[in-house]
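My request is simple: use the sequences and hints to build the entire structure.
Here the protein sequences come in this chain order: A and B. Under this note's numbering, think of the first position of the first sequence as 1, with each following residue one higher. Under this note's numbering, think of the first position of the second sequence as 1001, with each following residue one higher.
Careful: at least some of the hints might be erroneous.
Said to hold, decoys possible - Taking CB as the label site, the calculated pair distances span: (1) Pro186/A with Ile1089/B: 50 to 56 Å; (2) Pro58/A with Ile1272/B: 41 to 47 Å; (3) Gly1144/B with Leu153/A: 42 to 48 Å; (4) Ile276/A with Ile1089/B: 27 to 33 Å; (5) Ile1101/B with Gly134/A: 46 to 52 Å.
Calculated from the structure, these hints are not laboratory results. The structure presented is a predicted model; accordingly, all values stated were derived computationally and were not measured. Note that the Cβ used here is the ideal one computed from N, Cα and C, for glycine as well.
One-letter residues, chain by chain:
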Amino acid sequence: MIIQLIIGALMIGSVYGLVGLGYGLIYKASGLMSLAQGDMLMIGAFLGMTFYKHLQLPFIVSLLLTMLIMFLLGMFLERILVTKLLAKGAQTVYVILCTISVSMLLQNGAMLTWGSNVMQFPSVFKTSTVNIFGYEIIPENLLALGVAIFCMLALHIFMTKSKFGTSMRAAAQDELAASALGINVPATKGAAWGIASMLAGGIGVVIGPIFGVYTSMGAMIGQKAFAGAVVGGYGNMYGAIIGGMFFGFIETFISAYITSSYKDFISFGILIIVMIFMPTGLFKEEVME
Amino acid sequence: MGKVNIKEKKGLLISLLILAAIIAYMLQERYLTLILCFICINSIAVTGLDILFGYTGQVSFGHAAYYAIGAYTSTLLALKGIPVFFTIILGALLAMAFGIIIAFPASKLVKHFLSLLTIAFGQMVYMFISVTDKLTNGFSGIIGIPNLKIFGYTFTSNQSYFFIFLFTLVLVLIGKKRLINSRIGRAFIAIRENPHAAAGMGINVRYYKIMAFAISAFLTGLAGAFYAHLVGFISPDSFTNAQSNIFMTMLLFGGIASLAGPAIGSAILVIITEIMQSFVSYQMLIYALFILAVLFYLPNGVVGIFDNLKETVSSAFRKKVD
Chain A
1 MIIQLIIGAL
11 MIGSVYGLVG
21 LGYGLIYKAS
31 GLMSLAQGDM
41 LMIGAFLGMT
51 FYKHLQLPFI
61 VSLLLTMLIM
71 FLLGMFLERI
81 LVTKLLAKGA
91 QTVYVILCTI
101 SVSMLLQNGA
111 MLTWGSNVMQ
121 FPSVFKTSTV
131 NIFGYEIIPE
141 NLLALGVAIF
151 CMLALHIFMT
161 KSKFGTSMRA
171 AAQDELAASA
181 LGINVPATKG
191 AAWGIASMLA
201 GGIGVVIGPI
211 FGVYTSMGAM
221 IGQKAFAGAV
231 VGGYGNMYGA
241 IIGGMFFGFI
251 ETFISAYITS
261 SYKDFISFGI
271 LIIVMIFMPT
281 GLFKEEVME
Chain B
1001 MGKVNIKEKK
1011 GLLISLLILA
1021 AIIAYMLQER
1031 YLTLILCFIC
1041 INSIAVTGLD
1051 ILFGYTGQVS
1061 FGHAAYYAIG
1071 AYTSTLLALK
1081 GIPVFFTIIL
1091 GALLAMAFGI
1101 IIAFPASKLV
1111 KHFLSLLTIA
1121 FGQMVYMFIS
1131 VTDKLTNGFS
1141 GIIGIPNLKI
1151 FGYTFTSNQS
1161 YFFIFLFTLV
1171 LVLIGKKRLI
1181 NSRIGRAFIA
1191 IRENPHAAAG
1201 MGINVRYYKI
1211 MAFAISAFLT
1221 GLAGAFYAHL
1231 VGFISPDSFT
1241 NAQSNIFMTM
1251 LLFGGIASLA
1261 GPAIGSAILV
1271 IITEIMQSFV
1281 SYQMLIYALF
1291 ILAVLFYLPN
1301 GVVGIFDNLK
1311 ETVSSAFRKK
1321 VD
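If you want it as structure tokens, here you go:
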């Protein structure tokens, strides 16, 4: 029982962590916030389901194809909408509103395209459970965990070792200095938004078989991931993962041992308490003006 | 302001006459009266949001929470037998109390964190009312909410409700105008423009931010209580995150930081929602497009269009005179 719970908590925690990481990336790169991350996850899940179930593509191909499309969508969002809005001299609040309306558009667009019912994502593996050290574990949970950890590691290596990743970090630190050194700052911003939505979309494909695919699946995950990002220290990528894990564990264990109907209530309560007493989060990021 | 006062009053008189004619026509039908009632309720709630967002610059994406607190408090107390007139006021006061509680941490936060805090608060209230079956009857909602009764007169028809809502709305708008032109209103605007400069001028920024939250929550709670007694049925579905976004859309579309903006915005969006009744699931799609249109093309909403028109017309006249 306890092992299954821990696996479940790790799985959902890494989902929150990965989506929250996207918030951190966007914040670091452009100082903005996107509330459409959860819906990016939902769109990813729908796209993955379409490729895998209806077009009969192999799972790994559907996953990669979805991630590519989501990258372009995220980049489109930044380059077409957000940049134009900022060029008009809009305040941060209006950018947030813009992403809220994008999230409404995505939800309703998905409803128009795929309908409003919960759709079945066919399971990826033939067996329904695997036996590890005598414990029955659903393989999709392990897959989600594995993909999340792989993405985190790949992102870490990309950000620290590759040239473009280094220039992204440089642009996040000081835009002016970075552009003086010949770094294409708009491209790094677009890439940050693209990577954020790519990660959310990719994890959406992976959790599709576990939770089913429906239009409002992303809203709650997006908000929890945001909560995780705040608890970890907003803008800190590693903090977002820790914060996401924190909420994954809290939620799983509260619903297993205390109450399942109040779990979201308690999660958001913890978030508000953290924001009041520890607004810099675990990793002491600057959040206040 | 002083120069155009007479002209303004003439315009006001004409618009009031037109409004009265429309209302007299619409009151003939029950359904149309209901729409008018909804317009008044939404205008009150959006006016509350405007004081917070439009004038003080504090964003809230969780205003449905105050709406819900007002509605549920008033309903539950009324079902306990307390006269409805008092329960409405108590509901609004409780919403105000929650507004103050939220404002304490919120007054320290900026931008994203304020948005998230208000979203989280909205979600908490929504979850609380939807899972606390014993108190709120969960998702099935509460039916048979008693009607408003003042001095022995019971409000049963939509018409009677409309008149009390309109009366309240006019009071709220007059109060808002007086508030904005007072010391407090000027402090709000100073905080919106630059909190640091405002603090430098000796304005207690935190105090005024909390006050803006309190007034805003009070008005929205009042609107929620009105809604509950008008419709006679409430369920958590009316108080979701989407409702907060609807308030925001109404405010932005009407025009922020203006007297008529919230009323115009809620009137247009309520009417559009009613026309689109058969496509109700795509309602949010329309709202999203409205927000984008406002963000990209109409920075001051519908009120901004009128202001621009006025400007063009008056400048054209001025040229002729020259």
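Verification of the supplied hints:
1. Pro186/A with Ile1089/B: 50 to 56 Å: holds, 54 Å
2. Pro58/A with Ile1272/B: 41 to 47 Å: Between Pro58/A and Ile1272/B, where Cβ atoms are some 46 Å apart, the hint holds.
3. Gly1144/B with Leu153/A: 42 to 48 Å: violated, 58 Å
4. Ile276/A with Ile1089/B: 27 to 33 Å: holds, 29 Å
5. Ile1101/B with Gly134/A: 46 to 52 Å: holds, 50 Å
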